Each structure stands twice: as structure tokens, then as C-alpha cells.
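Sequences and hints are given; from them, build the entire structure.
These protein sequence lines are chains A and D, in that order. With this note's numbering, the residue at position 54 of the first sequence is 54, and numbering never jumps. To convert, take the position in the second sequence, counting from 1, and add 112; that gives this note's numbering.
By construction, these hints were calculated from the structure, which means they are not laboratory data. Model, not experiment: these values are computed from the prediction. Be aware that a few hints might be false.
As the list claims (entries may be wrong) - Taking lysine to any residue and the SDA-like style, the derived pairs with C-alpha atoms no more than 25 Å apart in a straight line are: (1) A/Lys68 - D/Ser198; (2) A/Lys55 - D/Thr216; (3) A/Lys53 - D/Tyr218; (4) A/Lys104 - D/Glu221; (5) A/Lys68 - A/Glu3; (6) A/Lys104 - D/Ser198; (7) A/Lys107 - D/Tyr218.
Said to hold, decoys possible - Facing chain D, from chain A, some residues (calculated, C-beta under 10 Å): (8) His33; (9) Gln37; (10) Gly42; (11) Ile43; (12) Ser45; (13) Ile60; (14) Ile86; (15) Cys87; (16) Ala88; (17) Asn99; (18) Phe102.
For glycine and all other residues, C-beta sits at the position ideal for the given N, C-alpha and C.
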Amino acid sequence: KNEVEQSPQNLTAQEGEFITINCSYSVGISALHWLQQHPGGGIVSLFMLSSGKKKHGRLIATINIQEKHSSLHITASHPRDSAVYICAVRSEYGGSQGNLIFGKGTKLSVKP
Amino acid sequence: DAGVTQSPTHLIKTRGQQVTLRCSPKSGHDTVSWYQQALGQGPQFIFQYYEEEERQRGNFPDRFSGHQFPNYSSELNVNALLLGDSALYLCASSLRRGTSSGNTIYFGEGSWLTVV
Numbered sequence: 001k002n003e004v005e006q007s008p009q010n011l012t013a014q015e016g017e018f019i020t021i022n023c024s025y026s027v028g029i030s031a032l033h034w035l036q037q038h039p040g041g042g043i044v045s046l047f048m049l050s051s052g053k054k055k056h057g058r059l060i061a062t063i064n065i066q067e068k069h070s071s072l073h074i075t076a077s078h079p080r081d082s083a084v085y086i087c088a089v090r091s092e093y094g095g096s097q098g099n100l101i102f103g104k105g106t107k108l109s110v111k112p
Numbered sequence: 113d114a115g116v117t118q119s120p121t122h123l124i125k126t127r128g129q130q131v132t133l134r135c136s137p138k139s140g141h142d143t144v145s146w147y148q149q150a151l152g153q154g155p156q157f158i159f160q161y162y163e164e165e166e167r168q169r170g171n172f173p174d175r176f177s178g179h180q181f182p183n184y185s186s187e188l189n190v191n192a193l194l195l196g197d198s199a200l201y202l203c204a205s206s207l208r209r210g211t212s213s214g215n216t217i218y219f220g221e222g223s224w225l226t227v228v
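If you want it as C-alpha cells, here you go:
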């Protein structure tokens with residue numbers, strides 16, 4: 001079993017829909033990252049969370065430390081949101097610079 | 113302000129050859145981490161460099177080695193290439209010095225390595 005599990009693996013939505021991507025992890029963490037990867041390969045950091053909730057534009061990320069679960073929400077989805085969304089956790093044993101453990105990603109496709 | 117830059121962007125090597133990939137961290141960052149991402153998979157941690165030393169290492173064989181220079185840039189070297197080494201190699205930078213907690217990590221566009 002992977003230490004970081006994401007669901008769903010693939011997601012197709014219509015433009016304007018509300019989208020939720022889930023991430024569960026089994027290790028102790030110091031932080032959780034939500035990342036966006038476009039087909040070219042480059043990765044952009046969307047959020048870094050250690051507790052609670054963060055919002056940036058149409059993106060909202062939440063984390064429940066006790067349940068070891070995080071969600072990424074996209075409101076009013078748009079075709080330009082189409083990408084792979086990756087959840088990554090920073091192991092608590094590495095301290096503030098511990099290495100990241102990645103989920104396999106959720107491939108999102110938003111149709112116009 | 114340039115972000116993380118990696119070179120080359122794409123390369124093809126033959127089994128048994130050696131390859132060197134390069135990374136310049138975001139301005140002001142002192143820590144560089146390298147990740148391998150096979151097709152359809154999430155990235156896997158290779159190692160991390162800080163103050164020119166390897167600080168952490170993932171589950172990769174000794175064929176994978178690295179270096180960090182005084183200007184914080186870094187190289188990833190892979191010897192005796194195998195077909196299974198074909199992947200996207202990502203470099204990520206962050207700031208360690210002066211921080212007491214984790215901070216935002218920045219990724220490069222990656223280097224696509226194909227071993228034939």
C-alpha cells in the first residue's frame with residue numbers, strides 16, 4: 001500500500017462544475033503539498049498545509065491531521081484547470097526539509 | 113527572478129552510458145532535491161543537497177550520485193544507464209537556512225531522459 005493515496009485517479013468534469021480531489025496518507029507529516037503538473041512536465045506548487053484550510057482564487061485546500069486526509073476543491077472549473085494534481089507529504093522525520101512522498105496524481109480533464 | 117532551471121530538457125542515451133543533469137535553484141534558495149518520475153507515476157525522491165553535502169537519500173542505487181556547488185546549483189549523475197532509468201528527472205529547490213518550518217518548494221520543468 002502506498003503511503004500517499006489519491007482518489008480518483010482520473011476525473012472528467014464539465015466546465016463550471018465543482019471538483020474535489022482527495023488525498024489520504026499513512027505516515028506522520030510536517031506538511032502536505034498540493035501540486036499541479038501540466039503535460040510538459042513542470043510542477044507548480046499550489047498549496048502547502050500543516051493544518052486547517054487555505055484558499056487561493058477558485059482553489060481551496062483542507063487538511064484533517066487527525067484523520068490523515070486532505071482535499072483539494074476547484075470551484076467553477078474551467079478547461080485551463082485540466083492537469084494532473086498531485087498530493088505530496090513531507091515526512092515529519094526529516095524535519096522542515098524532509099523529503100516529499102508523492103501520490104500518483106489525479107488526472108483532471110475539464111470539458112467546455 | 114528566474115525560477116528553478118534544468119538542463120537539458122530532453123536527451124537520449126544508450127544503455128551503459130552515463131548522464132549528467134543540471135539544476136540551478138531559485139534565487140535565494142540553498143537546498144536542492146532531485147526526484148525521478150516514471151511515466152504515469154508520482155515522483156520518487158532520489159536525494160537532497162544542502163551546503164554541498166548529500167543530506168538525505170531515497171531508495172536509489174549508488175549509480176545515482178550528485179553534487180552541489182558553492183553557488184547552490186546541483187548535478188545529478190547516473191552511471192551504467194538501464195532502460196528502466198528512462199523517466200522525467202525533476203529538481204526542486206527550497207530555503208533551509210533561517211527557517212524553522214517548511215516553506216514553499218519550487219520545481220523545475222524537468223529533464224526527460226530516454227535510455228535506448
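How the hints compare with the structure:
Straight-line distance between C-alpha atoms of lysine 68 of chain A and serine 198 of chain D comes to about 33 Å, which puts the hinted pair past the 25 Å bound. Restraint check: the Cα-Cα separation between lysine 55 of chain A and threonine 216 of chain D comes to about 15 Å, which is no more than 25 Å; the hinted pair holds. Restraint check for lysine 53 of chain A and tyrosine 218 of chain D: satisfied, since their Cα atoms lie roughly 21 Å apart, inside the 25 Å limit. Distance restraint check for lysine 104 of chain A and glutamate 221 of chain D: the Cα-Cα separation of roughly 18 Å lies within the 25 Å cut-off, and the hinted pair is therefore satisfied.
With a C-alpha separation of about 11 Å, the suggested pairing of lysine 68 of chain A with glutamate 3 of chain A holds against the 25 Å cut-off. With a C-alpha separation of about 17 Å, the suggested pairing of lysine 104 of chain A with serine 198 of chain D holds against the 25 Å cut-off. Using a Cα cut-off of 25 Å, the hinted pair lysine 107 of chain A and tyrosine 218 of chain D holds, with the two alpha carbons roughly 21 Å apart. This hint holds: histidine 33 of chain A has a C-beta 7 Å from the nearest C-beta of chain D, less than the 10 Å allowed.
Given the 10 Å rule on beta carbons, the hint for glutamine 37 of chain A holds: about 9 Å separates it from the nearest Cβ of chain D. Annotation: interface hint on glycine 42 of chain A holds; nearest CB of chain D at approximately 4 Å, less than 10 Å. Evaluation of the isoleucine 43 of chain A hint against chain D yields a held restraint, the C-beta minimum of about 4 Å falling below 10 Å. A least Cβ separation of about 6 Å between serine 45 of chain A and chain D falls short of the 10 Å threshold, and the interface hint therefore holds.
Of the supplied interface hints, the one on isoleucine 60 of chain A is violated, with its beta-carbon coming no nearer than about 18 Å to a beta-carbon of chain D, more than 10 Å. Proximity of isoleucine 86 of chain A to chain D holds as hinted, the smallest CB-CB distance being about 6 Å (cut-off 10 Å). For cysteine 87 of chain A, the suggested interface contact is upheld, since its CB lies about 9 Å from the closest CB of chain D, less than 10 Å. For alanine 88 of chain A, the shortest C-beta to C-beta distance to chain D is roughly 8 Å, which falls under 10 Å, so the interface hint holds.
About 4 Å separates the beta-carbon of asparagine 99 of chain A from the nearest beta-carbon of chain D, less than 10 Å, and the hint is met. Taking 10 Å as the C-beta cut-off, the interface hint given for phenylalanine 102 of chain A holds, the closest approach to chain D being about 3 Å.
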